[in-house]
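I would like the entire structure built from these sequences, with the hints used as guidance.
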Amino acid sequence: MLEIKNLNVTVEEKQILKNLNLNIGKGEVHAIMGPNGSGKSTIAHTLAGKPNYNVESGEVNLNGEDLLSKDPYERSLNGLFLAFQYPIELPGVTNASYLKQIVNAHRKSRKETPIDAGEFLKILKEKSKLLDIPMDMHSRFVNTGFSGGEKKKNEVLQMDLLDPSLIIMDETDSGLDVDALKTTADAINKLRNDERSFIIITHYLRLLEYIEPDYVHVFQNGSVIETGDKTLASRIDQEGYS
Amino acid sequence: MNKVNKDNFTQEKYKYGFVTEIESEKIPKGLNEDVIKLISKKKNEPEWMLEWRLSAFKRLENMSVPKWAKAEIDEIDFQDLYYYSSPKDFKEKPKSLDEVDPKLLETYEKLGIPLKEQKVLAGVAVDAVFDSVSVATTFKEKLNEIGVIFCPISEAIQKHPELVKKYIGSVIPVTDHFYATLNSAVFSDGSFVYIPKGVKCPMELSTYFRINASETGQFERTLIIADEGSYVSYLEGCTAPMRDENQLHAANVELVALDDAEIKYSTVQNWYPGDENGKGGIYNFVTKRGLCKGKNSKISWTQIETGSAITWKYPSCILRGDNSTGEFYSVAITNNYQQADTGTKMIHLGKNTKSRIISKGISAGKSSNTYRGLVSFHKKAKNAKNFTQCDSLLVGSECKANTIPLTENSSNSSSIEHEATTSKISDEQLFYCMQRGLDAEEAQSLIVNGFCKEVLQKLPMEFAVEAQKLVSISLEGSVG
Ligand SMILES: Nc1ncnc2c1ncn2[C@@H]1O[C@H](COP(=O)(O)OP(=O)(O)OP(=O)(O)O)[C@@H](O)[C@H]1O
Ligand SMILES: [Mg+2]
Numbered sequence: 055m056l057e058i059k060n061l062n063v064t065v066e067e068k069q070i071l072k073n074l075n076l077n078i079g080k081g082e083v084h085a086i087m088g089p090n091g092s093g094k095s096t097i098a099h100t101l102a103g104k105p106n107y108n109v110e111s112g113e114v115n116l117n118g119e120d121l122l123s124k125d126p127y128e129r130s131l132n133g134l135f136l137a138f139q140y141p142i143e144l145p146g147v148t149n150a151s152y153l154k155q156i157v158n159a160h161r162k163s164r165k166e167t168p169i170d171a172g173e174f175l176k177i178l179k180e181k182s183k184l185l186d187i188p189m190d191m192h193s194r195f196v197n198t199g200f201s202g203g204e205k206k207k208n209e210v211l212q213m214d215l216l217d218p219s220l221i222i223m224d225e226t227d228s229g230l231d232v233d234a235l236k237t238t239a240d241a242i243n244k245l246r247n248d249e250r251s252f253i254i255i256t257h258y259l260r261l262l263e264y265i266e267p268d269y270v271h272v273f274q275n276g277s278v279i280e281t282g283d284k285t286l287a288s289r290i291d292q293e294g295y296s
Numbered sequence: 019m020n021k022v023n024k025d026n027f028t029q030e031k032y033k034y035g036f037v038t039e040i041e042s043e044k045i046p047k048g049l050n051e052d053v054i055k056l057i058s059k060k061k062n063e064p065e066w067m068l069e070w071r072l073s074a075f076k077r078l079e080n081m082s083v084p085k086w087a088k089a090e091i092d093e094i095d096f097q098d099l100y101y102y103s104s105p106k107d108f109k110e111k112p113k114s115l116d117e118v119d120p121k122l123l124e125t126y127e128k129l130g131i132p133l134k135e136q137k138v139l140a141g142v143a144v145d146a147v148f149d150s151v152s153v154a155t156t157f158k159e160k161l162n163e164i165g166v167i168f169c170p171i172s173e174a175i176q177k178h179p180e181l182v183k184k185y186i187g188s189v190i191p192v193t194d195h196f197y198a199t200l201n202s203a204v205f206s207d208g209s210f211v212y213i214p215k216g217v218k219c220p221m222e223l224s225t226y227f228r229i230n231a232s233e234t235g236q237f238e239r240t241l242i243i244a245d246e247g248s249y250v251s252y253l254e255g256c257t258a259p260m261r262d263e264n265q266l267h268a269a270n271v272e273l274v275a276l277d278d279a280e281i282k283y284s285t286v287q288n289w290y291p292g293d294e295n296g297k298g299g300i301y302n303f304v305t306k307r308g309l310c311k312g313k314n315s316k317i318s319w320t321q322i323e324t325g326s327a328i329t330w331k332y333p334s335c336i337l338r339g340d341n342s343t344g345e346f347y348s349v350a351i352t353n354n355y356q357q358a359d360t361g362t363k364m365i366h367l368g369k370n371t372k373s374r375i376i377s378k379g380i381s382a383g384k385s386s387n388t389y390r391g392l393v394s395f396h397k398k399a400k401n402a403k404n405f406t407q408c409d410s411l412l413v414g415s416e417c418k419a420n421t422i423p424l425t426e427n428s429s430n431s432s433s434i435e436h437e438a439t440t441s442k443i444s445d446e447q448l449f450y451c452m453q454r455g456l457d458a459e460e461a462q463s464l465i466v467n468g469f470c471k472e473v474l475q476k477l478p479m480e481f482a483v484e485a486q487k488l489v490s491i492s493l494e495g496s497v498g
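As they're listed, the protein sequences go chains D and H.
Per the working numbering: the first sequence = residues 55 to 296.
Per the working numbering: the second sequence = residues 19 to 498.
Keep in mind that the hints are not guaranteed to be accurate.
To be verified - Dumping the calculated DSS-like pairs for lysine-lysine here, alpha-carbon to alpha-carbon at most 25 Å:
no., chain 1, residue 1, chain 2, residue 2
1, H, LYS487, D, LYS165
2, H, LYS44, H, LYS121
3, D, LYS154, H, LYS476
Hints listed in this document are in silico derivations from the structure and should not be mistaken for laboratory results.
Everything numeric in this text was worked out from a predicted model, so none of it was measured.
Shown next, in the form of structure tokens:
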């Protein structure tokens, strides 16, 4: 469903991604590991369409369509979801109304009517419970003053609400305590199905023990230097990258 | 992003810019005694009112246009303006809506203010001011039954001279400053409200100001009196046609709250702001002042300022009564070449007086947005308290925001708390929202509405949603 061909990306005139190639099939889970600064977040941002991530050459197709010519919001409406490594705070905007608005944006693009307030509350309760998110968090401002772990859970909640077909998680496990990691991983596993693909960026084997990847890729200097199955993650965990 | 739509946005942006094709009757251009006499005559005013106007005019001759505001303004030729314009044959205000020119009814319908009683917003009484005259007032009789007077000020001058005489100019002295004095000399129409003792006004009262005629100034005069233990919530709205010229709206609004009374005054100001290049637009030079005359009284100003080429406006509270409270909640949005210089003055005279100021300035385009405020504690203002919060939000990098909060303190038991922030909508925030499916405009309006929600919530419920939309519309075309 996702094909990345010979992708070269510069940020602030510095080349970060170099001739990157990656293919993700429907329903597959791919893990990306690699040292700090190797370009993992850069590929995530590039796929999501972050401004100032300049694609110098290469191609990306999602479900047979050119992804790179689309605006970030169109990519989202087409099913791409990026869980941020550092979720952004939106002071003044209450989480509940924000969540409802993004759900409605997706409904609108599917030509559905805005969600009924009662129904939304019901779904929100259900999904929050799954992630162990207290309801009063929704009356606070989006990510504002949330703890590191709460922010990450809020990302997973949005992921669950928007029903994406391609999920990119950028270090969603970092910052979660052991129990939260398990709850979150369980929730993510519930989202796994034959239609939905995952790119999981992580530094730790632990998450991959909960969510078993089909492939593990190692990033170095902006390209994939090795691909293997989940045993590659164990090897890295023991031996490191060098 | 959204390049395709952008042109549409700018065209759709100011949807109140139409002109009503109606014959008007004007008093010849110019500012002199004869013009003032004619205005007074057109309004059938008693002698004392004319005297009052003329004495203001005498004072005006020795005054000059203020230069203190942080605004760039083309000089106004006060002799080259019409001071009075009314629909033709408008001798006396129609007794019923059936007598109102259908073109006028249609105009207000188009503005979203239906005047026919079966169609009006339930719970909102409207006074409709068109150029220099009030053309209709709804629910007047119903309000009369409980003793509430809600009528054009021109009518109040004839029917309730004792009240008008007692209070007009009692809050804004005739000689206050140039524009206030000018208004006192040439004011045309506005609303008059009197809430009797102990009455909680059961409806929202509102006045809708419309400028239609060209080269004409509008000189609104509004006077609201809340007698002991009464309550009223009042809202004004303003729009004008799109024109290349700058037009002047110079208003005087006076509020008086007696013992235990409360006045809540809200404004949604959406005068034509001029085009993307700064051509045209209303000069909105307004003097608004409330007197908390009685003990435990309260006056609360809420304003959503999105229109006008230039806005100078400082709705203020004089807290004379002990334990009285003044509040100012403001959202001022400037885009393109708009200039807004707005804020408040809280003058603490009585004991235990409290004031609260929340100002949210949003600047986009090449606009400039200034908060200017004064909190003053007089000697007798024991235990007075003020809280001020001024937040500025910048959209883009070519706009300006200033915060000028002044304080004067002669009372040693009082306290002032001041907070100020300046922030930008970050690209990170926009990208985050867009990653979740909101387009650039939606993302921006979500963040901006979040920024000013605290103030928007202060508006009467009937208008809050409308104001939210207005906030978003005012910034359209400003996303990079
Ligand atoms: N705006 C920028 N300007 C200059 N360099 C940048 C910019 N953004 C990213 N980089 C550089 O690009 C490289 C790759 O960054 P990236 O965030 O993709 O790394 P990462 O693999 O996600 O690392 P980590 O594991 O620490 O999250 C780094 O060297 C980083 O400093
Ligand atoms: Mg990273």
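Structure-based check of all given hints:
1. The hinted pair formed by LYS487/H and LYS165/D meets the criterion: a straight-line CA distance of about 22 Å does not exceed 25 Å.
2. Straight-line distance between C-alpha atoms of LYS44/H and LYS121/H comes to about 18 Å, which keeps the hinted pair within the 25 Å bound.
3. For the suggested pair LYS154/D and LYS476/H, the alpha carbons sit about 23 Å apart, so the restraint of at most 25 Å is met.
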